[in-house]
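**Student:** Spelled out from the first residue to the last, the chains are:
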Amino acid sequence: MMKSFFRSTSPFKPSPFRMVVSYLILGAWAFIILFPLYWLFITAFKLPAAVNNGPFYLPFVDFQPSLHAWEYVLGEVGNDTIRLFTNTVGVSLISATLALVIGSGAAYALTRFQFRPKVGTIFVFIGCVLLAIILTVLGAPWALAVAVAIALFVISLLTIARRFERALGNSDIAFWLISQRIMPPVAVVIPIYIVFQQLRLLDTWIALIITYVATNLPIVVWLMRDYFASIPYELEESAQIDGASRFRIFNQIVLPLSVPGLVATFLFVLVFCWNEYLLALFLTNARAQTMPLAVVAQNATRGPQWWYMSVLVLIMIVPVIIMAIALERYIARGLLVGAVKG
Amino acid sequence: MATITSSASLPATRVRASPGERLAPAVFLLPAVLVVLFVSIFPLILSLFLSLSRLRFEAGGLKVQFVALDNYRKLLFGSEQKVLFGTLATPSPIGWVVLAVVALLMLASVYRAIRDARSGRAIAGRVIAAIVLAGLTYLVVASLLAPEGRPGTLVVTMLYVAVGITVQYLLGLGLALLCAQQLPGRRFFRVVFLLPMMITPVGVGYLFRMLADTNKGPLEPLWVALGMQDFAWSNNAWGARIAVMIGDIWQWTPFMFIVLLAAIEGQEVEPVEAAIVDGASNWDIFRHITLPAILPVSTTLILIRMIEAFKIIDLPNILTNGGPGTATETLTLYAYRIWRALDIGGSAAIAYLLLFLVTFFATLYVRTLRGRVSTA
Chain W
1 MMKSFFRSTS
11 PFKPSPFRMV
21 VSYLILGAWA
31 FIILFPLYWL
41 FITAFKLPAA
51 VNNGPFYLPF
61 VDFQPSLHAW
71 EYVLGEVGND
81 TIRLFTNTVG
91 VSLISATLAL
101 VIGSGAAYAL
111 TRFQFRPKVG
121 TIFVFIGCVL
131 LAIILTVLGA
141 PWALAVAVAI
151 ALFVISLLTI
161 ARRFERALGN
171 SDIAFWLISQ
181 RIMPPVAVVI
191 PIYIVFQQLR
201 LLDTWIALII
211 TYVATNLPIV
221 VWLMRDYFAS
231 IPYELEESAQ
241 IDGASRFRIF
251 NQIVLPLSVP
261 GLVATFLFVL
271 VFCWNEYLLA
281 LFLTNARAQT
291 MPLAVVAQNA
301 TRGPQWWYMS
311 VLVLIMIVPV
321 IIMAIALERY
331 IARGLLVGAV
341 KG
Chain B
1 MATITSSASL
11 PATRVRASPG
21 ERLAPAVFLL
31 PAVLVVLFVS
41 IFPLILSLFL
51 SLSRLRFEAG
61 GLKVQFVALD
71 NYRKLLFGSE
81 QKVLFGTLAT
91 PSPIGWVVLA
101 VVALLMLASV
111 YRAIRDARSG
121 RAIAGRVIAA
131 IVLAGLTYLV
141 VASLLAPEGR
151 PGTLVVTMLY
161 VAVGITVQYL
171 LGLGLALLCA
181 QQLPGRRFFR
191 VVFLLPMMIT
201 PVGVGYLFRM
211 LADTNKGPLE
221 PLWVALGMQD
231 FAWSNNAWGA
241 RIAVMIGDIW
251 QWTPFMFIVL
261 LAAIEGQEVE
271 PVEAAIVDGA
281 SNWDIFRHIT
291 LPAILPVSTT
301 LILIRMIEAF
311 KIIDLPNILT
321 NGGPGTATET
331 LTLYAYRIWR
341 ALDIGGSAAI
351 AYLLLFLVTF
361 FATLYVRTLR
371 GRVSTA
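Just so you know, the sequences run in chain order W and B. For the first sequence, counting from 1, position 144 maps to 144 in our numbering; every step adds exactly one. For the second sequence, counting from 1, position 329 maps to 329 in our numbering; every step adds exactly one.
So that you can see chain W by itself, here it is in the shape it has in the complex:
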């Protein structure tokens, strides 16, 4: 099935009439997509007057293009823009890479090994987390509360938890990991804020990266798990007989075979991190701010500064669009395998 993706020929050969109609519809949708982008593009070259005095469509004909917005964004506040851009690039690249490494490891483990976590252990763990929270709220220093909870967890793990024999399987773990995506970020952002505040990590890359990795892990596990499942196991078995270790098999056999899935997943996660606004808003205030925050910041008290905004959005989307165009084949294929196995 993999080979048949993106054939140059298609079994659907339209008649000339259908071809014209198809082109018309596809062209109309392409216009709907491209026109807003065109508007964004020309707004970035408009003087405030050209924006405020009504619609002007064609540069040099309707209005005189100007580089004033670019000069402002890249010159006057250029240092800020560079910092914002570096933050966005750095945070998204690191987050997407980490999420991919951690997530595909988990996805691989869930397709190749049998796990049997005990229900008792899980309940003891949740109980200990609750205890730590209650202790902290009651006024104990959080470090002490965590230490007490960990100690209690270890003790009960060795004693009480063994009594509960019921165990879960791989599909339960996978369900649990994937279901984390259901959780709306707004439900956890306040506790995350408090935790990072306690750890003095607010407004740092680390806070953003940890959060982004966690929110995007479910997507990685979801897509990569099915991708790994579609790779025949015989290859690995023969490598194993030859004495290759698990990690070598994973690195040298499984990963190279999964490149389309990895690329698609990476790009998908990267775009999510790149464009993320809500969590960045809560977790940063100056140094670690990312581009989406800067775009919103142009909505100043004097009214939205459309020209600056357009420049910032353009700077933001150009790298992603270049990547998307270059990797377009992988995106569809990688996402499809994740969804097909459903």
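By construction, these hints were calculated from the structure, which means they are not laboratory data. Be a bit skeptical, because a hint or two may be false.
As the list claims (entries may be wrong) - To spell it out: a stretch of chain B is covered by chain W in this simulated footprint if at least three of its residues, at any positions, have a beta carbon under 8 Å from a beta carbon of chain W; those stretches are:
no., stretch
1, 195-209
2, 313-323
As the list claims (entries may be wrong) - Between beta-carbon pairs, the in silico distance windows are:
no., chain 1, residue 1, chain 2, residue 2, range
3, B, G325, W, G78, 38 to 48 Å
4, W, L67, B, W283, 47 to 57 Å
5, W, L34, B, V224, 17 to 27 Å
6, B, G325, W, Y233, 50 to 60 Å
7, B, D116, W, I322, 51 to 61 Å
8, B, L76, W, A286, 37 to 47 Å
The model shown is predicted, which means the values in this text are computed figures rather than measured ones. We put the CB at the ideal spot given by N, CA and C, even for glycine.
Given chain W, put chain B in place with the hints provided.
**Tutor:** Same frame as chain W, but now just chain B:
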């Protein structure tokens, strides 16, 4: 969940293995579990606690007071009820019909569960699902299909999800079918159609604010021609809602399109060719070959989009700021607004309601489809 298939054919792990080998499963899985535990589960529990308390910023720090279910009471029955549920009124005749149909369907579903002698837990699950669904339907009917009603954030969120996903799926499917034909230059369309998904939702919000401007936007001649140049869509509840939905559809149709296109192109060629030789119409080919082939992908695709769509915040926040009033406010935006008003407990309570809502619909969707798709 539909994506979780039982992994029955797992090979047994080798018995005599080096310590490194024996630890391998843990090394692979544990990082993910730990990250999710500390960044998702732990905050989730803390958040539950916050939703049961009232936080006050005072001199010398934060004061936490346990108030049990007071935040939820305020939302569901108290001062915030009008925002969450909207103004409920007597439904119109159509509303009553819809309500009656849904109620009958729910009764039938419960009756079938009892008739098939399912386990007690399954029946209880059906009953709860039926009650929740009927309740939500009443909310929708009494606020949308009632002349005097006004939808609250809960109904508005569901409206965005329902309309958005339906339109995105149908548009994406239609475009994918067209693009799957042998057309010269279809790679151009494929790349162009992908673009909106790459733009930050915040940017899309501002972009559509520019475009929708009836005075200075590019559509101004059109508005003038319609005699609506003074129409302020942002001051009209339905105008603003439609603007948000259009922005969402513009941004996310590409996602549906790209995956459906890959699915259509990935289907077996032979049945299609055989059908063409036999003189089957295009509709027959679609109905009997293509549609069944892309159905599994479609269900997962809709599930992914549904989960994401419930969390929509950036677009309405930028495009309309939730207004006029709270007409376009989604649950996430609502929680965010309450948070900014420093009612952290109330915000956490809204977030939890949203979590229940998404989980409910995701579970319902998967349960309903699991039977259908596999037997179809």
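**Student:** If a hint holds in the structure, say so; if it doesn't, say that too.
**Tutor:** Status of each hint after checking the structure:
1. 195-209: holds (count 13)
2. 313-323: holds (count 3)
3. B/G325 x W/G78: 38 to 48 Å: holds (40 Å)
4. W/L67 x B/W283: 47 to 57 Å: holds (54 Å)
5. W/L34 x B/V224: 17 to 27 Å: holds (24 Å)
6. B/G325 x W/Y233: 50 to 60 Å: holds (58 Å)
7. B/D116 x W/I322: 51 to 61 Å: For W/I322 against B/D116, whose Cβ atoms are near 55 Å apart, the range 51 to 61 Å holds.
8. B/L76 x W/A286: 37 to 47 Å: 39 Å Cβ-Cβ, so the 37 to 47 Å window holds.
Checked against the numbered hints listed earlier, the structure breaks none of them; every hint is satisfied.
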